[in-house]
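Colleague: Generate the whole structure from the sequences, applying the supplied hints.
Protein chains: 2
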Amino acid sequence: MLTVTILGNNSAVPAFNRHPTSQVVTQDGTNYLVDCGEGTQIQMIKYKVRRGKISHIFISHLHGDHYYGLIGLLNTFGLLSHLQELHVFAPAPLQEIIELQLKVAETHLPYALHFHTISGNATLVDNEQITIKCFRTDHRIPTYGFTFEEKTRKRKLLIEKVREQEIPVTFYSSLQEGLDYTKPDGTVVYNADITTTPAPGNKYAFCADTRYDERIIEHIRGFDLIYHETTYLDNLQEQAFARFHSTTRQAGTIALKAGVKRLLIGHFSSKYNELEPFLEETKSVFANTSLAMEGQTYEIS
Amino acid sequence: MLTVTILGNNSAVPAFNRHPTSQVVTQDGTNYLVDCGEGTQIQMIKYKVRRGKISHIFISHLHGDHYYGLIGLLNTFGLLSHLQELHVFAPAPLQEIIELQLKVAETHLPYALHFHTISGNATLVDNEQITIKCFRTDHRIPTYGFTFEEKTRKRKLLIEKVREQEIPVTFYSSLQEGLDYTKPDGTVVYNADITTTPAPGNKYAFCADTRYDERIIEHIRGFDLIYHETTYLDNLQEQAFARFHSTTRQAGTIALKAGVKRLLIGHFSSKYNELEPFLEETKSVFANTSLAMEGQTYEIS
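Sequences listed follow chains A and B, in order.
The first sequence: position 182 = 182 (this note's numbering), numbered continuously.
The second sequence: position 220 = 220 (this note's numbering), numbered continuously.
It should be emphasised that the hints constitute simulated quantities derived from the structure, not laboratory data.
Incorrect hints may appear among the rest.
If several chains are the same, the list does not tell them apart, and a pair holds so long as it fits within one copy or across any two.
[Stated by the list, open to error] Once the Cα atoms are required to be at most 27 Å apart in a straight line, the calculated BS3-like pairs of lysine-lysine come out as: (1) 53 / 271; (2) 151 / 257; (3) 271 / 103; (4) 161 / 103; (5) 53 / 154; (6) 46 / 271.
Modeller: Rendered as structure tokens:
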């Protein structure tokens with residue numbers, strides 16, 4: 001199962017008890033942290049996110065509201081000393097910033113910290129469970145969205161039936177791949193009769209800070225859930241463009257054109273206290289929209 | 001009036017809803033920020049500290065729990081754009097860290113930001129209202145405590161009596177300095193009869209992170225209030241020494257030997273949930289002790 005838990009849904013300045021951007025994507029007990037604004041580690045405590053389950057951190061860009069909480073979290077990981085290793089994916093200058101801060105404090109982290117520079121559309125993680133990619137968005141400084149695509153699981157054996165057919169254990173992995181089995185006497189046991197078809201893997205995209213940009217669509221087409229920023233209501237389209245952000249209707253339009261199933265909106269400007277207008281305006285374009293609310297977990301399916 | 005408001009009273013890792021070090025010293029409407037751990041700007045909102053009244057920030061040392069919130073606060077000041085200028089006093093590498101972070105974000109702050117390097121015992125601010133000094137403490141990396149000494153105010157004129165004596169207005173400032181007035185006919189009007197003696201200026205010291213170090217005493221002797229760290233209870237003296245911190249009884253002993261009037265204790269280790277034992281142990285050495293509690297303001301008089 002793939003889920004996303006929102007830790008911060010506000011833009012630049014903390015306001016109205018909303019915090020800067022951070023969210024946790026969870027798949028089968030592994031937590032992937034996406035952005036890490038100031039106070040993220042405190043939000044993790046508040047919302048009982050298991051910090052020890054984080055092995056990969058993705059930073060979309062180097063505006064402070066997306067990464068000022070990282071150095072504190074890295075230190076806390078060191079003090080809790082429960083990590084094997086940690087992979088951080090971010091634009092290049094982040095490594096210099098973090099290493100400088102560790103150096104002046106004479107801090108030596110008790111775990112391996114690996115920096116991976118992101119500099120264009122690329123696959124960042126690809127294993128048996130998941131594929132994680134990044135894609136460029138249209139923001140004032142180099143900025144990247146991230147896609148999380150669960151691998152489709154292998155076929156599941158109906159073990160009673162498999163045993164009944166006396167299929168050797170060495171052939172089980174072939175059955176999971178979908179092969180039929182031919183008995184020594186030439187009888188064919190059809191795969192469909194002894195296995196079940198798994199549900200397709202789920203797909204989530206974090207679209208980062210961005211102007212309205214249709215180039216995003218190719219990366220998120222048909223996804224189960226996307227998070228798209230809506231810094232401003234739609235009457236501030238000009239301001240959104242000038243500041244490299246999006247409005248409600250723009251986020252809804254991207255979701256609609258990409259044919260996704262569900263849209264989460266966030267990164268609300270600190271000028272707004274009430275969020276209901278964001279939901280109403282976005283829904284007028286794309287009905288299956290939800291506000292990204294701090295502390296809430298959204299299932300992706 | 002001089003006060004100190006506690007924004008964070010915990011050591012390294014946030015825990016039990018306690019936050020890393022930060023406090024605000026206020027004198028006559030001017031706020032002086034001392035240390036700025038992660039989340040300080042959020043604590044300022046929570047406890048209604050007027051951010052626009054901050055013009056000086058003092059960072060004791062470059063362990064993260066004392067300054068990771070600074071870069072976010074500097075950005076927020078920029079977005080609120082209500083500051084004339086800001087003076088930051090800190091060990092040297094801080095300027096490089098902050099400037100690197102501003103550079104990669106392509107952020108140009110809309111106010112003048114002045115860095116002042118502290119590197120030994122020195123006077124940092126000296127004006128008509130206050131003298132602020134720093135002094136070295138015994139910690140793993142260069143670390144400084146800060147003293148805030150209100151200037152003794154000028155004598156206050158008993159204006160009815162001054163007028164009765166027909167003293168010219170041009171002589172009023174001399175009266176405030178304590179001079180007697182001699183009338184044209186040679187009669188002397190004694191200063192003590194037409195002015196009142198002001199209360200002496202109050203004195204507060206923030207003793208930063210430190211091992212037990214009697215060299216601190218000379219800087220804080222006879223102060224009205226001092227804040228001294230008590231990272232550990234007294235049974236962990238060895239651990240305190242190894243980690244360059246102090247215990248309850250050590251803080252109380254410094255207060256006692258320095259002859260101060262009142263002691264605030266804080267910087268509690270994240271391993272402790274209950275704080276009452278800190279208070280009890282410290283009071284056994286120095287009775288007039290209080291726990292530094294977040295959101296509370298302590299008057300210095």
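Colleague: Determine which of the earlier numbered hints do not hold for this structure and return their numbers in increasing order.
Modeller: 4
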